[in-house]
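K.L.:
What follows is each chain in one-letter form.
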Amino acid sequence: MSRILAITILLILAFFFFSAVKLDYGHMHSALSEYYITHGVAETGALNMVTAIYLNYRVYDTLGEATVFFASALGVFMLLRKGGEGESDA
Amino acid sequence: MHRISPIVKIFTRKLFPFILLYGCYLISHGHLTPGGGFQGGVIFGSAIILLGLVEGVKLTENRFKEDFLSLTKNIGMLIFILLGFVGMFLGYSFLSDFLPRGEVGTVPSAGFILFLNLTIGFMVGTGIAVIFYRTVRHEP
Amino acid sequence: MINGISIGIVIVLVGIYGILTRRNIIKMVMSLYIMNSGVILLFVSIGYIVGGQAAIFENSKKLMVDPLPQAVMLTTLVIGLGITALALALAIKIYDEYKTLNTRKLLEK
Chain A
0 MSRILAITIL LILAFFFFSA VKLDYGHMHS ALSEYYITHG VAETGALNMV
50 TAIYLNYRVY DTLGEATVFF ASALGVFMLL RKGGEGESDA
Chain B
0 MHRISPIVKI FTRKLFPFIL LYGCYLISHG HLTPGGGFQG GVIFGSAIIL
50 LGLVEGVKLT ENRFKEDFLS LTKNIGMLIF ILLGFVGMFL GYSFLSDFLP
100 RGEVGTVPSA GFILFLNLTI GFMVGTGIAV IFYRTVRHEP
Chain C
0 MINGISIGIV IVLVGIYGIL TRRNIIKMVM SLYIMNSGVI LLFVSIGYIV
50 GGQAAIFENS KKLMVDPLPQ AVMLTTLVIG LGITALALAL AIKIYDEYKT
100 LNTRKLLEK
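Residue numbers (numbering that gives the first Met the number 0), protein chains in the order written: chain A, 0 to 89; chain B, 0 to 139; chain C, 0 to 108.
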């Protein structure tokens, strides 16, 4: 794909991206974040709010993410073997 | 083939336990300061990668064997799931927080966030080291 | 103006340019990882409050930034690492089998 065509596509995409994000930075964006900040320390006992969110309120997502990391490490372990090409047992 | 200068070798050998200590500090104080399981685990793995780049992979593998690191990674994942089932046996839901809270600001104060951080730290650290070993010692 | 959102969008566009114009497989995988970093920066800087401090409790109570996008993006970072590691391992196996990393020559084989 030539460079002029790529730059044209990029300019169109840049116009769409930049016109879609307009925010005000004044107040908190959702009521859920306010609940996490006001009740976080009393319910979890952790001072770090981000750790309290991803290890206590949403620990199921962390389980899924640990599974994805484990699967990718296992995949690299199984793909790159030395010696014979033992990829599939058939 | 360029040789590594002796200053880099000596400094890396002397600094290696302190990097491991810094990684363990980040893992265990994950709920009080910025850090946590993933960040400390990456530093743990990076220390082993640094030693492997400076010393040579054969000497590093004699010290930190690949089978032991792979076993630690697998057992770490199992312990994560077993920690979820302990909460279920006590009557709460899966992966619920069943330990009592301590006083705010000390290390053993946040329920089972500490155990989860340790498990995740070990799993990520040894996983990155295993990926490094497999990529470097690959022959077509 | 220059804030985190504009820089994040620029990094995503650089990654898209890399995927469109490069023909080496490893450069395409690295462009994917650049796009990953751009999206993470964009989402973290959406949750910024003017005049707020970091999301860790100290003795003084002031305004805090939004901790929810940061917690979600931590998970995204580690998944991006896993994807890139597996993609690079697959690129190594492709080089072992076909002895080239050019996508034009790989399409002919």
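Worth flagging that the hints you see were computed from the coordinates, not collected in a lab. Be careful, since some hints might not be right.
Unchecked claim - Mimicking DSS-like on lysine-lysine, the simulated pairs with C-alpha atoms at most 30 Å apart in a straight line are:
| id | chain 1 | residue 1 | chain 2 | residue 2 |
| --- | --- | --- | --- | --- |
| 1 | C | K92 | B | K57 |
| 2 | A | K81 | B | K64 |
| 3 | C | K98 | C | K26 |
| 4 | A | K21 | C | K108 |
| 5 | C | K108 | A | K81 |
| 6 | C | K92 | C | K104 |
| 7 | C | K26 | A | K81 |
| 8 | C | K61 | A | K81 |
| 9 | C | K26 | C | K108 |
What the hints assert, rightly or not - Here are a few chain C residues that sit away from chain A, every Cβ distance over 12 Å (derived from the structure):
| id | residue |
| --- | --- |
| 10 | N23 |
| 11 | K26 |
| 12 | L31 |
| 13 | S36 |
| 14 | F56 |
| 15 | I78 |
| 16 | L87 |
| 17 | K92 |
| 18 | T99 |
| 19 | L100 |
| 20 | K104 |
| 21 | L105 |
| 22 | E107 |
| 23 | K108 |
Glycine included, each C-beta is placed from N, C-alpha and C at the ideal position.
K.L.:
Indicate, hint by hint, whether the structure satisfies it.
P.N.:
Hints and how they fare:
For the proposed pair C:K92 and B:K57, the alpha carbon gap of about 23 Å is at most 30 Å, so the pair holds. Between A:K81 and B:K64, the direct Cα distance comes to roughly 17 Å. Compliance with the 30 Å bound is thereby established for this hinted pair. Among the hinted pairs, C:K98 with C:K26 is consistent with the structure: their alpha-carbon atoms are about 17 Å apart, no more than 30 Å. Distance restraint check for A:K21 and C:K108: the Cα-Cα separation of roughly 48 Å exceeds the 30 Å cut-off, and the hinted pair is therefore not satisfied.
With a C-alpha separation of about 25 Å, the suggested pair C:K108 and A:K81 falls inside the 30 Å cut-off, and the hint holds. Distance hint between C:K92 and C:K104 is fulfilled; the C-alpha atoms sit about 16 Å from each other, no more than 30 Å. At most 30 Å may separate the alpha-carbon atoms for a hinted pair to count; C:K26 and A:K81 meet this at roughly 25 Å. With a C-alpha separation of about 57 Å, the suggested pair C:K61 and A:K81 falls outside the 30 Å cut-off, and the hint is violated.
Of the pairs offered as hints, the one joining C:K26 and C:K108 holds, with about 20 Å between alpha carbons and a cut-off of 30 Å not exceeded. Distance check on C:N23: its Cβ is at least 14 Å (rounded) from any Cβ of chain A, clearing the 12 Å threshold; non-interface status holds. Under the 12 Å C-beta cut-off, the non-interface status given to C:K26 relative to chain A holds; the minimum distance is some 14 Å. For C:L31, the shortest C-beta to C-beta distance to chain A comes to about 14 Å, beyond the 12 Å cut-off, and the non-interface label holds.
With 12 Å as the threshold on Cβ separation, the claim that C:S36 sits away from chain A holds: the shortest Cβ distance comes to roughly 16 Å. For C:F56, the condition that its CB be more than 12 Å from all CB atoms of chain A is violated, with the nearest at approximately 5 Å. Its beta-carbon lying about 5 Å from the closest one in chain A, C:I78 breaks the requirement of being farther than 12 Å from that chain. With a cut of 12 Å on Cβ distances, C:L87 falls inside the contact zone with chain A, its closest approach being about 8 Å.
Against the 12 Å criterion, C:K92 falls within the reach of chain A, whose nearest CB is about 6 Å from its own CB. In this structure C:T99 is separated from chain A by more than 12 Å, as the shortest Cβ-Cβ distance comes to about 19 Å. Interface exclusion of C:L100 from chain A stands, the closest Cβ pair being 16 Å apart, more than 12 Å. Chain A leaves C:K104 outside its interface by the beta-carbon criterion, the shortest separation being 17 Å against a cut-off of 12 Å.
With a closest Cβ-Cβ approach of about 16 Å to chain A, C:L105 is found to remain outside the 12 Å limit, as its non-interface label requires. No beta-carbon of chain A is positioned within 12 Å of the beta-carbon of C:E107; the least distance is around 18 Å. Against the 12 Å criterion, C:K108 stays outside the reach of chain A, whose nearest CB is about 18 Å from its own CB.
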